[in-house]
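**Student:** For the protein sequence lines, the chains are R and F, in the order given. Using this note's numbering, you'd call the opening residue of the first sequence number 18 and step up by one each time. Using this note's numbering, you'd call the opening residue of the second sequence number 18 and step up by one each time.
A portion of the hints provided could be inaccurate.
The list treats identical chains as interchangeable, and a pair is accepted whether it falls inside one copy or across any two copies.
[Unchecked claim] Pairs of lysine-lysine, DSBU-like flavour, derived with a Cα cap of 35 Å: (1) K378 with K147; (2) K425 with K342; (3) K436 with K57; (4) K216 with K270; (5) K271 with K180; (6) K57 with K489; (7) K232 with K271; (8) K270 with K342; (9) K436 with K21; (10) K21 with K147; (11) K232 with K56.
These are calculated hints, taken from the structure and not from any lab test.
Number of protein chains: 2
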Amino acid sequence: METKEFRQSAHQLVDWMADYMENTSRYEVKPSIRPGDIKKQLPSAAPVEGEAFSRIFDDFNKIILPGMTHWQHPQFFAYFPTGASGPSILAEMLSSTLGAQCMIWLTSPAAEELEERMMEWLRDMLGLPKSFTGVIQDSSSSATLVALLTAREMRSGYSINQKGFEGNHRFRVYTSAQAHSSVDKDMKIAGLGIDNLVKIEVDETFAMKPDALRKAIDHDLQNGFTPLCVVSTIGTTSSTAIDPIDSISTICKKYSCWHHIDASYAGTALLLPEMRWMSKGAEAADSFVVNPHKWMFTNFDCSAYFVKDKDALIKTFGILPEYLKTPEDHLVNNYRDWGIPLGRRFRALKLWFVIRSFGLKGLQDKIREHISYGQWLKERIAGTPNFQLLAPVPLNLVCFRFVPEGIKDEGSLNEINAKLLSSLNATGKILLTQTKLGHTYALRFVGGSEKTTLGDIQQGWALVEKMATSLKLGKKDLG
Amino acid sequence: METKEFRQSAHQLVDWMADYMENTSRYEVKPSIRPGDIKKQLPSAAPVEGEAFSRIFDDFNKIILPGMTHWQHPQFFAYFPTGASGPSILAEMLSSTLGAQCMIWLTSPAAEELEERMMEWLRDMLGLPKSFTGVIQDSSSSATLVALLTAREMRSGYSINQKGFEGNHRFRVYTSAQAHSSVDKDMKIAGLGIDNLVKIEVDETFAMKPDALRKAIDHDLQNGFTPLCVVSTIGTTSSTAIDPIDSISTICKKYSCWHHIDASYAGTALLLPEMRWMSKGAEAADSFVVNPHKWMFTNFDCSAYFVKDKDALIKTFGILPEYLKTPEDHLVNNYRDWGIPLGRRFRALKLWFVIRSFGLKGLQDKIREHISYGQWLKERIAGTPNFQLLAPVPLNLVCFRFVPEGIKDEGSLNEINAKLLSSLNATGKILLTQTKLGHTYALRFVGGSEKTTLGDIQQGWALVEKMATSLKLGKKDLG
């Protein structure tokens, strides 16, 4: 592609992008297509001759766009939001043009130093102690894996790195029954085994019970296991439950366990001093992860991993082949040794653009606004007959279910709520997801996109009420 | 940021981007800065109030840009190139705007189906057998880790995933003494241990000796080890040595070892039928990785991982918590279960744009051109007194050293070549990196960026000759 075609096409895309950002709500949140609908429109072999970009972009509009779920839609209330704000997209434009590899200082000095500085900014913005050093990882799954591996190596005197598992270490890791499934996955990858992940009972707020944790550790010690790590959560995926970080830190200290805090989503709320109760005790933890790519308006991937003992981290992941040696090695951070992949994008740039463009205050305002949406919805559901709140709402995720009059059987309630969810999502006007809290099927409703307004939340909720009513009537008609 | 400011700023960036692409050669390839020079220009705390984008962009130009190593510079001859072509950047602009998570089909159906199709296109374009199924990973380090973990789980009957390492599996993995350091790192992460990575002797072309591999496996079997996997390389990082894939596949079959082929860089050359001799026998391998983000003009990250037994892959990484269940699970690929991180960018889009914009023929032309540069440089060095080629040049990476008359001591030669490298890189006009081949310090010169011409190679080489001469004179003066 000649630069002239690039320049022209890129200007055309910018207008498309700005229009898309203004009009995302015109699209169906989730496309009404069946598996295979897109693939069959794509030729089975690559073209031999190059094509003009205009033709490719036409196909993007015709084939790809109608098959996308629109994560930036203001009525996307599913999963957790994924960041994509103006300044973040602008940074992605520049970093993809520079096409720099940020594996070591020499390969992109400014990127390395900006990453250092951004991690300091973010640490301070979140009220984390200065004893934490940060590095950008691709995702929380990887960050938690990095924590488990560092704990594994410190505890084994780095012998597993060197010799592999020998004999039987019988390591145990503890997390709440509500923790994210990536902890399970990380147990597999690290060779620790899912059976050695002890899921600790939660209380009525779905937060880990410290007493149960203590008992589980004692029990394991009596049975010859070695407690390795506790993964606590600030804001679980199911219901944003907040584990009691302070008590867990105390227990970890007592038993010399690594304490890793997964604050992937809710960590961003620590920008607000009034929400710092959630992280009380975090200063005693060993590592902490928060994803600006979730609630901090920064494009995926951008997962901020903070660790106390950065030497242990580097010792766990360090390698130094001849072709990567540089004269500055002793003076700089070579982030290749701070995580799993060697290659790294220039990700600090988007964080810099986002933080400066919003300003700390701008970010705080947005997060406060989103939390107020959650509180509005909580109040609304509490006051609506035939609906039931299923979990506390510390932030902006609301778990609820529809409880039509006369239906008390849990199986039927689960079934009718699954039907409510699929009916809502089939409209294309809204997207929610589900979870299970205990044995109870719950709908999750979370509004945290940059463009989401209280009006969107209200409109979304009106649709839920309407759909539930029509399901109820349908049921009566059938009966 | 209001959409209006975004639109305006993005148009401004597009012009900057196009200008940058046209004028990359105006910059110093590597900045002449010291560690800390950039960081000290960045305030130590985040701004409280938001800032106008124009101010942020000014700082990008003033602070960041002068501290970047320019990977897209036509005289960047270091490491391996990293892709960033016009169509790829255009795709990144769109995917960052959509901000979609591509972890499962439902979260972005079109992205999932495009990824399926692109992996089929690429597989066929590279002459890989239809029995391979592809998935995009972030990097080769991760892809090789994925291969090792899948092999580990298949061989242990998925018991390590479940129970962790118990007793002593004594797994062994084999790779050449010239293999990429990420194999070492992956051995650590997977809990297999670096000591269990057997580095097989290489021949005079720096390719693995199959006889030595066979002997090492036999020796390990006699000593109670379990041969788990062989990682062969098509195009080593040091010198693009080509391991004898066919013989290695035969050995792996015989000993029931997983055969993983790391073709991260050189795999792209398989677009050329005349280069398929490199992959003879790959059809019998278990997995294969190639990075379009290296030599196929596609932005990082885009690592294509092909696997024969995709069920084993999914069984190794699969998790299915309630909040990720969808009605389509049995009909679609949920790529979340095909690798390490849960979150995934929409990466297939850039592959689609690149392949269609270049066309197969356009890609082939570029790769042939780059290989011809390598051959030109090889001939040139062979014909230049006081320079020595240090490895075969099957592609476009040339390993060489300067051998001034009268200097025969290897230590002095290593020293003078290290000095030559640092003097060259200090000019800012060129960037080379070094490696060690055996005990010999070698300079690496690889030209594979989209914009690099034969003229750039010639100009770069002229500088090497000139610098070497001046070093020699300097030495005489000192003597």
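**Student:** Determine for every hint whether it applies to the structure shown.
**Tutor:** Structure-based check of all given hints:
no. : hint           : in the structure
1   : K378 with K147 : within (21 Å within a copy, 55 Å between copies)
2   : K425 with K342 : between (67 Å within a copy, 25 Å between copies)
3   : K436 with K57  : within (29 Å within a copy, 57 Å between copies)
4   : K216 with K270 : within (19 Å within a copy, 41 Å between copies)
5   : K271 with K180 : both (29 Å within a copy, 26 Å between copies)
6   : K57 with K489  : neither (38 Å within a copy, 64 Å between copies)
7   : K232 with K271 : within (13 Å within a copy, 50 Å between copies)
8   : K270 with K342 : neither (38 Å within a copy, 37 Å between copies)
9   : K436 with K21  : neither (52 Å within a copy, 41 Å between copies)
10  : K21 with K147  : neither (48 Å within a copy, 38 Å between copies)
11  : K232 with K56  : neither (52 Å within a copy, 47 Å between copies)
Violated hints for the displayed structure, listed by number in ascending order: 6, 8, 9, 10 and 11.
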